[in-house]
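**Q** Residues per chain are reported as follows:
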Amino acid sequence: MLKKLILRGAFKGGVHPREGKELTKDLQFEVLPTPKTVYIPLSQHAGREAKLLVAKGSIVKKGTLLAEPEGFISAPIHSSVNGTVSKIVKTAHLSGAPKTVIEISVTQPKEPVAEAAGPQKVSATVAATVTPGVSTATEAASVQKVNATVAATVTPGGNTTAEPADATEVAEEPQEKKVAEPENEFFPPLNPKTATKEELLERIKEAGIVGMGGAAFPMFVKLSPPPGKKIEKLIINAAECEPYLTRDYRLILEYTDQLIGGIEILMKITGVECVIGIEDNKPEAIVLLKNKLGSRSDIRVEVLPVKYPQGAEKMLIYAITGKKVPPGKLPVDVGVVMQNVGTAISVWKAVTEGTPQTDAWITVTGEGIKTPKNLIVPVGTPISEILEFCGGLTPEAIKVIAGGPMMGTNLYDYNAPVMKATSGLLVLTSDTSAPVEAIACLRCGKCVEVCPVNLLPTRLSRFSKLQRFEDAEEAGIFSCMECGCCAYECPAGIPLVQWIRLGKKELLKIKAQERKSA
Amino acid sequence: MDTQFIIALATMGGLGFIFAGALAIADKKLRVEENHLIGEINEVLPGANCGGCGYAGCYDFAVNVVEGKAKSNGCPVGGSETAAAVAYIMGEEAGEVVRMLPRMLCRGGHTEAVNKLATYYGPLSCSAMDLLSGGDKLCFYGCLGGGDCVVACPFGALVMGENGLPVLIESLCTGCGNCEKACPRHVIEMHPADRKVFVFCKSLDDPKTSKAVCSVSCMGCSICARKSEGGVVMENNLAVINYDQLDPEKVPFDKCSTRAIGMINDN
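Keeping their order, the protein sequence lines are chains R and V.
For the first sequence, this note's numbering begins at 313 and goes up steadily by one.
For the second sequence, this note's numbering begins at 2 and goes up steadily by one.
Treat the hints with care, since some could be wrong.
To be verified - List time: in silico DSS-like cross-link candidates among lysine-lysine, alpha-carbon distance up to 30 Å: (1) K212(V) / K402(R); (2) K212(V) / K828(R); (3) K203(V) / K368(R); (4) K212(V) / K823(R); (5) K777(R) / K212(V); (6) K602(R) / K635(R); (7) K324(R) / K348(R); (8) K828(R) / K182(V); (9) K580(R) / K509(R); (10) K363(R) / K682(R); (11) K30(V) / K821(R).
Simulated from the structure, these hints should not be mistaken for lab results.
Let the hints inform the model, and build the full structure from the sequences given.
**A** Here it is as structure tokens:
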């Protein structure tokens, strides 16, 4: 008991940013009307870019394999819509530099309306939510567009009633065999109870499921531990410590059974018990989970105090198991596999429904967006469409961030598409995020106090700045997970994380050069 | 009183003699025979330790020349005089030294390049900008204007111009190539000083994008490639000069609407 008390969220440092979760925490997931064009990036995961399998003109359906994994750490990419590949181009990408994307123009009348919620419910939600948004929208053009899209989605009234209208068009396409054929290319559903471990793992691999916590690490890699390493514990990361984001919270509330089903599948694959780590600022979710789980001993809910970065992999492992992941090692080295809530639900969907990971759940929030929402969007939807659907930006909005405010990336091009692991879009105003001019370091030591991995951020950033990269490596620059606590606290406004990232990049470059010359 | 002086002098003098003797013995016994050529070559090298030759400094270069790993004309800074002197010491034929100058192959400064929606706040360093979505400009191939090359130049031959592009002071440049290595976008290239025709663009974007993001980009229209009879070839939407076959007379400079291909110093 004492040990447990000491351990509870006991990592050193951390910060308490304003949460801002009240904006979206009570809003149900809505389905974004399928956009006219989607841009599906080939690089949506950690590791190598997937290998393109389609060409211009290919007709794809929802779930069609577009690109296959290249190398071990990679993941397949599937189409999120029904349509035709119109181009393979380079466009803006959430990672910063432009990357190759597959442009698919959506075949409008045949679009499937949300498989997650019932079609009736969806149409109702869409209609209900758009109307107030339209009245407040300023640009006439955008109003027109929103109306048009919504009309296109709503009028067919879901998959079932749209069939007669589609029949003629479908018949013209040689690939279609039967009119009544389902309009997607999903995998055959598996029964999680009877399927073998290998079948389940293979399904996770072919469905292209990547970790939705942020790093987008291909999931099957995590689940296949290298020889000699044993998985002892499965941790489901429901901490959602990033301010503003409410995706995981909403997922727990709305997809509780699917989440538990997904966890059971993961437990079957790994053969270990599971702990759900959740921050204590989500009481409804905790109560719901505890009620659903009842007195089950194999799945436990661990309530952790609110502190950023509680949801960071290494911090959460320490808080729950008391084990520290050594620098440069992976959680599997201490016998832990960690998965995000969204990932577990994706697993459940991939197994029981056969859906590849083609939709992303995202939170669109911040003071700079007119109507914050929790949304289900097809992967590849341009951010601009999502912002438009949420009523557009307010005049005070100054930046749009993909992800949370602490670790997300600022966007410069709203045409960048949503990816599998995108957790949210955050629009900040000048009140909530003002650019600061960096001054000299005050030597106050706040960054050192808050660093959860016991580094000296001020020293690391200075080494980077002075190009003393070897010294930076010695000071542990590679242990930095770029959580941003130091930069958040820095009263001098020094972009500490950016300097540290630069140092890491330069060091990797130096190392690559050394390897080449050796 | 006198005895005290005598004692002090005798002690200090004695110590001096003992140490001098020890040093003399050490000099004979522990002497490391160094090839005298190394010292001689080191003498004639410029001594800037810029690293332009690819070695750690002038002395390291001298060592490598003597060991036969570096060529006698390997010092880009010293020019033909140094090369001749090094070759003379080594007893070789002096190799030809071509003076190299860094050429800035991007003309998209603040006034020409189109900026992103977002403004970059952060360290004014090209490599830091490159890491964070690539600075302010929409072009992902052009000069970032952070001045990493200016910082890297040990001779003060590069200054940041008003337009956000580095400007070369040719008289100060020694051609060490540090700027070329510092540029994360590889916009700076070392070229022989007598080369005058360049394509001042590195963009591999499709024509539409190139045109949208910068007013002086190479849009890949390939007029220059068609007219120049092999002197200019198109590679990935970018005109690339094939210097072996180039005849500047045949390059239609006036046909290039963005003046991406042109002579140096013509703007």
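**Q** Determine for every hint whether it applies to the structure shown.
**A** Okay, the hints, checked on the actual structure:
1. K212(V) / K402(R): holds, 15 Å
2. K212(V) / K828(R): violated, 38 Å
3. K203(V) / K368(R): holds, 27 Å
4. K212(V) / K823(R): violated, 37 Å
5. K777(R) / K212(V): violated, 35 Å
6. K602(R) / K635(R): holds, 25 Å
7. K324(R) / K348(R): It is violated: about 48 Å lies between the C-alpha atoms, which goes past 30 Å.
8. K828(R) / K182(V): holds, 16 Å
9. K580(R) / K509(R): Satisfied, since the Cα-Cα distance of roughly 7 Å is no more than 30 Å.
10. K363(R) / K682(R): This hinted pair is violated, its Cα atoms lying about 39 Å apart.
11. K30(V) / K821(R): violated, 45 Å
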